[in-house]
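Asks: Sequence:
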Amino acid sequence: MKRLLSLLLLLLAYALSSYAASDPWSINIDFGTSRQTPQPAYAAAAPLSGYWNRYSSLRAGESVESLADNSGAVTADTVNVSFSFSKAVSDVNPGAQPFSKEDQPLLGDYLCTGTSTMTLAVAGLPEGTYTFYVYMVGRQDYPKASEVAIATSNSAPQPKSISGVWSEQYVEGESYARIKVEVSHADTVQIFLNVRNDDAFISGLQIVAGEATPAALSHYLGDDNALEWSLDNSFDWSYHDDQWQFPDGRSMAIPTLSPESSTTLTATVSESGHLEFWWSLEHPQALDAPSTPEAPATTMALLVNGEEYLSFDPNTLYEPGRFQLFVEAGSTISWQIVNELSESIELGFELGSVSLEQTDINEAPIINTSPFRAPPMSATVGEYFYTYVTVSDPDGDTCVLRAEGMPAYFSFTCDADGQGDLRASSPYYKDRGVHEIQISANDGVLSSSETVPLAIESPYAPGVIRQPEKELDLIPVLAGTDFTSENHFFSETGNLIVIPYAPGDSIRELSIYEYRVLEDSSLELVTSFTEDNLPAGCQFGGRGYCDGDRLFLGVGHNDRNSPQGLPFMAVYERQEDGSWALVQTLISSEGYYYLGSGNIPIAIHDNWLAVIYRHYVTEMSAWRDALELYAYGDGEGWTLQQSITSVGGFDNLGSTLAFYGNKLAVGAPMQENGDGTAINDGAVYIYELSDEGVWNLDGGLLPPDPYTSYPTSAFGKYVAYSDGQLIVSNPYWNAHGRMYIYDIPPVGLPVLRQQLYGGGQPLIAQDGWMFTTYRYSTLANRYAGSVSAYRHDSDGDWTLASILLREDAEPQSYYGSDGLAYFGGTLYVTTDNDVSVFTFNAFEDWYMQKYGYLPTDHDAALWADADNNGQADILDYENGKKARLSAPTASSDKGRVSIAGVDYATVAVNPDNNTPGLSWQVQRSFNLEDWDDTGMVLLRKEENEIWGIPWDDNRQFFSASSCNLL
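If you use mature numbering (1 follows the signal peptide of the UniProt record, and there is no 0), the sequence shown corresponds to residues -20 to -1, 1 to 946, in order.
Heads up, some of the hints might be wrong.
[As the list claims (entries may be wrong)] Listed next, the in silico SDA-like pairs over lysine to any residue satisfying Cα-Cα at most 20 Å (straight line): (1) K643 x I744; (2) K643 x V727; (3) K160 x Q170; (4) K643 x G615; (5) K643 x I624; (6) K643 x W588; (7) K160 x A131; (8) K643 x E668; (9) K643 x D685; (10) K643 x L682; (11) K160 x G108; (12) K643 x G679; (13) K643 x V674; (14) K643 x L677; (15) K643 x N587; (16) K643 x L669.
Note that these hints are calculated values from the structure, not bench results.
The whole structure should be built from the sequences, with the hints applied where relevant.
Replies: Here it is in structure tokens:
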């Protein structure tokens, strides 16, 4: 029996060796433990005669068991090809991860590489030439590139980059590395999986034996001689023998593209006809590359006879394209990739499904612009805009739609069904008037075009920079009284409500002062009153809510040493003479109220009022938070409908509440751990209003990246709703803070879309703008603070637009943390005895009326990249020029100069762009020698002071995302 088995193995090895020398065949391994039956096909290589592991049961150190051929017949109990891992691997169940239906047999289970390099050894392959396909994807929540390298005892490693994550865009076979390997007798092939920054999932391995013949190209190219590929000489071909080749008609890879260089792939067409192809470009560094529409990090263009046919900025992890164009015999088609960066980049490029179909008849495409014309197309400054056009082709050709003449912040995209979408998140005031939009469609042979008018209207008057005539002078009634983060808030109409402390005491009074903020940022008293109808010993909470006609104030007892008296909400209504009258008191239904900081979270939506009380449960000897919900009825006022008590004594229900639709988001920045202790991860509870008028817990959101090593993490401290998205802050994440943007689906809980670094306390969002405070300094004074203004873009993401600060901010002043309010294009920032007023100039730029300087138009901007060795590019929008700012880094003194023994950051103009019209000078510098302090450099262009450049504790330019606009 042993002799018979040995003979069978010898015959199989001989058969494998014969395959390696003649027809292509493959060994295909589906990793994992689910014991699903794999299907004999991957997308990367055509289905070939070969062998599949019958079950996906390959584990560390195991051999391939029960290989089956394409018909499913078992060829032998064991084949002498073994696989082993250098370290333990774990099983990965994709669960709810999305993948296409046809991928299910292959993507049903994965093995996890872990967070460091591991090696997969393949032994027992017969001598010959093999092509290895290694199928991997990265984690969906951390889309970084991974690297695969293959070596034998006679060859050095060949590194290839894999970039991509699980997503609906992926088709099986597109996230892989393809490497050709020569295997000598008794060689063991070592596959090195080098994971960057985080773990990755390996799904399969395909080993294709034998060289593909030129005839294999006919499936893709139609005629063997239809395309002739050539290369330029502008590329450093470190791995030239394995680049830009098509042994399977499918793909190629570029290991490294040198700084500020390009590479071109050119095809010569021997016959006229329609050329159809698809391609994709993977750019692993896309998330970190400092790219702007004016200066993309990488560009790719399709050229026909040397002229650009189309181009795009592929700064996404995966950018596919499918095009058809008519070409004459002798024409050249080129794919050109340009690296604009000052550093090398790694790319993956695929070109496939190339076919040439001869045709003699062609008709021009037809553009339907009726949505533009009926009614006449118009957009409004500061409001979302959308319209579309469609195109059809009588020949059924694929058409490329274009739009030209669009104002800033308009985008035009075209889908595969021939519909072009024109969108704008917030048209600018400067773009008022009628614009002629040129819509064109090209089927590769003929073009059609239509010109349609776009009218941009504005209800706003031009913004004016108002310089205050005097410093803020408080009304005498507030003499000797500070207003801090605990004793004031803004009404929805922009008036300032102040609840002063009693003179010489830390206890607030039952007094209210309402102020109007004047043009010069001073305050004018509107009305004031002292409440005499409440029980003795009561005091107002520090914050409330006012919509102009209604005023809601929390009331508690002023004895902080023991719980006394029930808390309640005092409700006031505006009278005809402008005064306030008490109309109702809403008594807390449970326990005792502890005033604490005096901030009672309040939210109002339609006829619902939500309030959070802090109360004491006597029988449990513990403090608990309670969410109480009131409904408003005519003639009845506000009546309590529900009281929801927090489960744990350490549940802290946050500083804000947010209604959206029939749901309510309640932050809990500190949670009960279930054992009488507190945990700092935090959560956001989502309550939903039923048809019966009852609020039920629908679920909750946990922090995507809890930072538990910091003692006071606070996910859910602030929540806000804006433009169909829920925004949650964790102001103490890693001491700097983080904000999380969630999309709200029609059904189910919010889905995480974006994370923003820095800030989060406080947080407000309204009318397409979000404001938050970053407690670290952007000046030399540590903890002086600044306010970040984010714009809601048309693609749904938030982008940092401005940083608002005070030049005279004192250390530890935390500018902006006392209070933020935004009404009708005006931002109010309160601190100490002071109000800063920012106005927005026709939805273009923010100006600080009292302190600091910001750009007065879009002529300049600074993009800072924290991963770019402390360098930042300065872009001059008007002249299209670029200068570079360098500053000392932890590893080098690049850009450092010494003036009288003091180190400064310096500005250097790029020699290639050193032309008249660009004049940047250092206006003043802060000492960067003391690394414990932050610093900034103020620049001057001509006579206008433009901006400050922050310098953080890590000796790098602070960046709230991959690149920021200051």
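Asks: Please name the hints from earlier in the document that this structure breaks, with their numbers sorted from lowest to highest.
Replies: When the structure is compared with the hints, numbers 4 and 9 turn out to be violated.
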